[in-house]
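Numbered by full-length UniProt numbering, the letters in the sequence shown go through residues 1 to 338 in order.
In short, the hints are calculated from the structure, not lab data. It is possible that part of the hints are untrue.
What the hints assert, rightly or not - When the alpha-carbon atoms are kept at most 25 Å apart in a straight line, the in silico PhoX-like pairs for lysine-lysine are as follows:
(1) 295 with 230
(2) 230 with 294
(3) 223 with 302
(4) 302 with 230
(5) 20 with 176
(6) 176 with 223
(7) 176 with 39
(8) 295 with 314
(9) 62 with 27
(10) 314 with 294
(11) 62 with 230
(12) 302 with 314
(13) 295 with 223
(14) 113 with 103
(15) 295 with 39
(16) 39 with 27
(17) 294 with 113
(18) 20 with 62
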Amino acid sequence: MTSEDPRIVQFYNLIHEEEKSGIIDRKEHFEYANNQLPKGDNLIRFYHWILSLEVVPYQREKWDSVIQGLRNNYVEILNQHLEYDENFLHKPIEEEMDSEMSKLLQEVDNDMKRTVNSFRSSLISHLETSDLEIHTRRMERILILFAITEPDLNYIQGLNELILPIYTVSYYAGMKLNYDVITIEAVSMKLLSQLLIRNGLIVIYSSLENTRQIYQYFNVINKAIAMNDKELSSYFNEIGILNPMHYCFSWILTMFAQVLCFDDVIRLWDYLVILNENMVHFQFMMTAAIVLYKKRSIIGVKADRIIGTLHSIKDLPYIPILRIANSLYSSMYRDLTH
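Please model the complete structure; the sequences and the hints are all you need to start from.
Following this line, the structure appears as structure tokens:
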């Protein structure tokens with residue numbers, strides 16, 4: 001792959017794209033990603049994500065066999081649980097669909113359609129088509145099979161907003177790499193699994209019914225706000241917001257898909273995926289950064305309207321908030337990780 005952009009050339013040299021063999025230097029990869037990926041290049045982004053989330057190893061020659069293995073496993077799961085339909089209505093293998101499966105299909109369908117509609121213009125641009133129905137169905141299929149293969153997690157609202165960037169980036173890259181649709185879906189499902197499990201987000205998802213534990217996780221956001229803005233912290237205490245979970249839970253679950261524009265979401269994820277097990281800690285600091293950034297529109301809002309005000313935050317500027325979050329993360333790293 002050729003390009004005049006030296007940053008793009010640098011990346012392809014880094015991953016041994018020409019020879020497709022050899023050991024990719026992990027440290028060099030992370031240093032490259034810390035300087036931001038070339039803007040708008042979803043193929044490089046795809047390579048970066050599958051490396052960072054260990055979907056593929058740093059041994060370049062193993063990539064093809066690993067991805068083929070993911071495809072084979074996905075096909076096996078698909079054939080076991082759903083009839084494959086090119087036009088794509090979900091058809092469970094059993095003639096009589098049980099109530100649990102029916103509920104899952106309906107819930108995934110409703111959530112995915114709503115999410116696609118929210119990001120319609122961005123998806124049309126990234127997927128290079130205005131016909132999003134088939135892509136919606138494919139993302140639904142990934143979520144259904146993920147829920148079936150991860151019974152301890154099940155399907156939870158929020159996964160729909162995680163699969164959207166993953167599938168969009170994977171589809172674009174897959175078309176460039178001549179992957180078939182099943183391979184794209186298989187890699188997307190593995191990326192979703194790794195994002196949740198390897199980077200610790202599953203701790204939040206799996207603790208949804210343990211209110212006390214969740215409150216403890218989120219309390220570090222209060223600490224960050226209190227350390228950096230006594231006035232705002234006092235105001236939250238005064239109006240009765242004693243735990244950030246009340247206003248930012250969905251921000252964490254969706255990795256900020258609800259408060260950033262689509263392009264900024266995937267740029268943020270470029271950074272988050274290299275944090276490994278510290279990803280969720282950094283997300284807490286992103287939450288504190290958003291609240292600190294929006295202080296002027298928060299102070300003075302009545303108690304009965306404050307949650308709605310925070311939930312309505314959309315299309316935040318990405319760079320200044322990331323700077324604040326990085327500063328908070330650096331100063332609070334010990335509190336976050338001990």
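Verification of the supplied hints:
1. 295 with 230: holds (12 Å)
2. 230 with 294: Holds - the C-alpha atoms of residue 294 and residue 230 are around 15 Å apart, at most 25 Å.
3. 223 with 302: Given pair residue 223, residue 302 holds - Cα atoms ~23 Å apart, limit 25 Å.
4. 302 with 230: holds (19 Å)
5. 20 with 176: holds (16 Å)
6. 176 with 223: violated (45 Å)
7. 176 with 39: holds (17 Å)
8. 295 with 314: Given that 25 Å is the threshold and the Cα spacing comes to 15 Å, the pair holds.
9. 62 with 27: Status holds; Cα separation ~19 Å.
10. 314 with 294: Measuring from Cα to Cα gives roughly 11 Å; hence the hint holds.
11. 62 with 230: violated (53 Å)
12. 302 with 314: Between residue 302 and residue 314 the Cα gap is close to 20 Å, so the pair holds against 25 Å.
13. 295 with 223: holds (16 Å)
14. 113 with 103: Status holds; Cα separation ~16 Å.
15. 295 with 39: Not OK: residue 295 and residue 39 at ~30 Å, beyond 25 Å, violated.
16. 39 with 27: Answer holds: residue 39 to residue 27 is near 21 Å, not above 25 Å.
17. 294 with 113: With a Cα-Cα distance of about 30 Å, the restraint between residue 294 and residue 113 is violated, given a limit of 25 Å.
18. 20 with 62: It holds: about 9 Å lies between the C-alpha atoms, which stays within 25 Å.
Of the numbered hints given earlier, the model fails hints 6, 11, 15 and 17; all others are met.
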